[in-house]
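Undergrad: Sequence:
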Amino acid sequence: MGYAYLLCDCVACFKPIMCNPNLVPSLRVKGVKQPICRKCAERWNTIHRTSNGLEPVPIEDGAYDPCNELEL
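Under numbering that gives the first Met the number 0, the residue at position 26 of the sequence shown is numbered 25, and the numbers go up by one with no gaps.
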């Protein structure tokens, strides 16, 4: 049994992140879900929680941990 990470860039700050492809928080950009790092997701939730009526970005446990290779 092995483990896997998704290596990608955060859509908000453009820094590279490693995350679980099944749990990573994302934002829709031109209709396509794009991964977002924990820091940017927390910032998004702080800014948008009280204004504009936008939904918070859920940050699930294990979102930035490896996933079991069988879950891919």
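No wet-lab data here; the hints were simulated from the structure. Careful: at least some of the hints might be erroneous.
[Unchecked claim] Across the chosen pairs, the derived CB separations fall in these ranges:
| no. | residue 1 | residue 2 | range |
| --- | --- | --- | --- |
| 1 | Met0 | Thr45 | 18 to 24 Å |
| 2 | Leu6 | Arg27 | 20 to 26 Å |
| 3 | Glu41 | Cys7 | 24 to 30 Å |
| 4 | Ile46 | Ala3 | 30 to 36 Å |
| 5 | Tyr2 | Arg37 | 17 to 23 Å |
| 6 | Asn44 | Cys7 | 18 to 24 Å |
| 7 | Leu71 | His47 | 14 to 20 Å |
| 8 | Ile58 | Leu6 | 15 to 21 Å |
| 9 | Cys12 | Asn67 | 27 to 33 Å |
| 10 | Gly1 | His47 | 35 to 41 Å |
[Claimed, not checked] The calculated DSS-like cross-link candidates involving lysine-lysine, where the alpha carbons are at most 27 Å apart (straight line), are:
| no. | residue 1 | residue 2 |
| --- | --- | --- |
| 11 | Lys32 | Lys14 |
| 12 | Lys14 | Lys29 |
| 13 | Lys38 | Lys14 |
We treat Cβ as the ideally placed atom computed from N, Cα and C, and that holds for glycine.
Undergrad: Indicate, hint by hint, whether the structure satisfies it.
TA: Now for the hints, and whether the structure bears them out:
1. Our hint of 18 to 24 Å for Met0 and Thr45 is violated, since their Cβ atoms are close to 38 Å apart.
2. Checked against the hint of 20 to 26 Å, the C-beta distance between Leu6 and Arg27 comes to roughly 21 Å, which is consistent with it.
3. Distance hint for Glu41 and Cys7: a CB-CB separation of about 18 Å, inconsistent with the stated range 24 to 30 Å.
4. The beta-carbon spacing between Ile46 and Ala3, approximately 32 Å, falls within the hinted interval of 30 to 36 Å.
5. Range check, Tyr2 to Arg37: about 19 Å between beta-carbon atoms, so the 17 to 23 Å window is met.
6. Separated by about 20 Å at the C-beta atoms, Asn44 and Cys7 satisfy the suggested range of 18 to 24 Å.
7. Evaluation of the 14 to 20 Å hint for Leu71 and His47 yields a failure: the beta carbon distance comes to about 31 Å.
8. Between Ile58 and Leu6 the Cβ separation comes to about 19 Å, which falls inside the hinted range of 15 to 21 Å.
9. In this structure the supplied range 27 to 33 Å holds for Cys12 paired with Asn67, their Cβ-Cβ distance being about 28 Å.
10. At roughly 37 Å, the beta-carbon separation of Gly1 and His47 lies within the given 35 to 41 Å, and the hint holds.
11. Our distance criterion of 27 Å between C-alpha atoms is met by Lys32 and Lys14, whose separation comes to about 17 Å.
12. Distance hint between Lys14 and Lys29 is fulfilled; the C-alpha atoms sit about 20 Å from each other, no more than 27 Å.
13. Only pairs whose Cα atoms come within 27 Å are accepted, and Lys38 paired with Lys14 is accepted, the gap being roughly 11 Å.
Of the numbered hints given earlier, the model fails hints 1, 3 and 7; all others are met.
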